[in-house]
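K.L.:
Next come the chains, spelled out residue by residue.
There are 2 protein chains.
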Amino acid sequence: MISINKRAVVLSSGGLDSTTVMAIAKHEGFELYSLSFHYGQRHSFELEAARKMAEVFGVQEHMVINIDLKKIGGSALTDDIEVPKDGTEESMAAEIPVTYVPARNTIFLAYALAWAEVLQSSDIFIGVNAIDYSGYPDCRPEYIEAFQRMANLATKAGVQGTSQIKIHTPLINMTKAQIIQKGIKLGIDYALTHSCYDPSSQGLACGRCDSCIVRLKGFKAAGIKDPIKYA
Amino acid sequence: MISINKRAVVLSSGGLDSTTVMAIAKHEGFELYSLSFHYGQRHSFELEAARKMAEVFGVQEHMVINIDLKKIGGSALTDDIEVPKDGTEESMAAEIPVTYVPARNTIFLAYALAWAEVLQSSDIFIGVNAIDYSGYPDCRPEYIEAFQRMANLATKAGVQGTSQIKIHTPLINMTKAQIIQKGIKLGIDYALTHSCYDPSSQGLACGRCDSCIVRLKGFKAAGIKDPIKYA
Chain U
1 MISINKRAVV
11 LSSGGLDSTT
21 VMAIAKHEGF
31 ELYSLSFHYG
41 QRHSFELEAA
51 RKMAEVFGVQ
61 EHMVINIDLK
71 KIGGSALTDD
81 IEVPKDGTEE
91 SMAAEIPVTY
101 VPARNTIFLA
111 YALAWAEVLQ
121 SSDIFIGVNA
131 IDYSGYPDCR
141 PEYIEAFQRM
151 ANLATKAGVQ
161 GTSQIKIHTP
171 LINMTKAQII
181 QKGIKLGIDY
191 ALTHSCYDPS
201 SQGLACGRCD
211 SCIVRLKGFK
221 AAGIKDPIKY
231 A
Chain C
1 MISINKRAVV
11 LSSGGLDSTT
21 VMAIAKHEGF
31 ELYSLSFHYG
41 QRHSFELEAA
51 RKMAEVFGVQ
61 EHMVINIDLK
71 KIGGSALTDD
81 IEVPKDGTEE
91 SMAAEIPVTY
101 VPARNTIFLA
111 YALAWAEVLQ
121 SSDIFIGVNA
131 IDYSGYPDCR
141 PEYIEAFQRM
151 ANLATKAGVQ
161 GTSQIKIHTP
171 LINMTKAQII
181 QKGIKLGIDY
191 ALTHSCYDPS
201 SQGLACGRCD
211 SCIVRLKGFK
221 AAGIKDPIKY
231 A
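As you go down the protein sequences, you meet chains U and C in turn. Just so you know, the first sequence maps onto residues 1 to 231 in our numbering. Just so you know, the second sequence maps onto residues 1 to 231 in our numbering.
Isolated chain U, as found in the complex (with noise of 0.2 Å):
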């Protein structure tokens, strides 16, 4: 018999990250629950890479959930705004930037929470990165914190004293170049990943977005190549 103990939620973008925490969760012997979100994205490549990767890790249960953000608007990866091409490491670090979608970790690891309970399990994985975060204020340690104690103070587990809330970020601390190395450890496909705003009508990656431009870096830093196309 599984220990219902052993269920973890993972948030699941099909990208390098969230692959990254998903074999990581794997490696320290839980029981994959695997969450995505549609939250019109302009593209549904992300959604085929982590439906392929629930595949790849045997998840017990792949969950996509409809969500309305770009209702709500305020992205360029929900609205029509365009996404920046060859940013340099300045202009990238400088601000928040216009793919920031508010409060999209916050609503993501809502839903997590809300499958964790119902799971009677009290582990959640995201990927969020405070190194190369991109600017993202909801990457950062201090906001996972807060949404952690928010999350013990909301559920009938945290209420009864029966179990705690425990948000792991494995990635936190480390580099592209780390994360990668450690996926590769781990026996990851990276060809199966998907990180670009802004693909072809293809799925190939445009190599030019904040994204791209960190994930390429990352795989250089590493001393891998991108085993990815690039368009």
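I should point out that these hints are in silico values taken from the structure, not numbers from a laboratory. Take these hints with a grain of salt, some might be off.
Pairs count within a copy or across copies, as identical chains cannot be separated in the list.
The list that follows gives simulated cross-link-like pairs (lysine to any residue, SDA-like), each with its CA atoms no further than 25 Å apart [stated by the list, open to error]:
| no. | residue 1 | residue 2 |
| --- | --- | --- |
| 1 | K26 | E145 |
| 2 | K6 | K71 |
| 3 | K6 | I65 |
| 4 | K52 | G40 |
| 5 | K71 | L153 |
| 6 | K71 | Q148 |
| 7 | K166 | L153 |
| 8 | K71 | S44 |
| 9 | K70 | E48 |
Take the given structure of chain U and dock chain C to it, following the hints.
P.N.:
Below, chain C without anything else, positioned relative to chain U:
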């Protein structure tokens, strides 16, 4: 010109509490943006009441967001679990009831936070109540404070220090009778509100679920006749 600082996002269910909150926010001079959710409720009378209230209060915009809590499950309000009837005050306070929806207020407030950020509003109103709260963990002051703290770490404005999100809970320490008296003073027509968890097919309140019992008791204690019809 209307100052953008006076915009408020008000969570609205069409019920007694959130309607009173909307009247309070309007009385305090806020420009109202009402937010309701279609979350797989067993009926849509709530949403109809919320829509009417948006009209009555002349809100700037009323947004209804579809969220798939039914997919996640775990509650009598979204699943095929029977809604309990004829609960005593003791049985209702004894434990967290089956009508509890996992992480519901966390998900609702996360969307409110996203919308507030897009509207450049820093004020969110929610009708939680710690007295007649029916044992829901996410209606307690310590939960709301933790959410507010997290919200200020999650957002652009919080990080840039330009403004601080405030979660307003004007009802949190009021009895149901006090809420009703306050609402009457502010001119609310409670005949338009809907509270029942399990109404008839015509939308008549059952008078026997926890929500109806708390409502009826509140009107009795306030010395006012509840203007809605019961089955």
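K.L.:
So, for every hint listed, does it hold in this structure?
P.N.:
Structure-based check of each hint:
1. K26 to E145: within (23 Å within a copy, 34 Å between copies)
2. K6 to K71: between (36 Å within a copy, 22 Å between copies)
3. K6 to I65: within (23 Å within a copy, 33 Å between copies)
4. K52 to G40: For K52 and G40, the Cα distance is within 25 Å only inside one copy (20 Å; across copies 28 Å).
5. K71 to L153: Answer is between; shortest inter-copy Cα gap is 23 Å, intra-copy 29 Å.
6. K71 to Q148: So K71 and Q148 pass the 25 Å test across copies only (23 Å; inside, 27 Å).
7. K166 to L153: both (12 Å within a copy, 18 Å between copies)
8. K71 to S44: Both. Shortest intra-copy (18 Å) and inter-copy (21 Å) distances satisfy the 25 Å Cα cut-off.
9. K70 to E48: Both: 20 Å inside a chain and 23 Å across chains, each within 25 Å.
Hint check: no violations occur; every hint is consistent with the structure.
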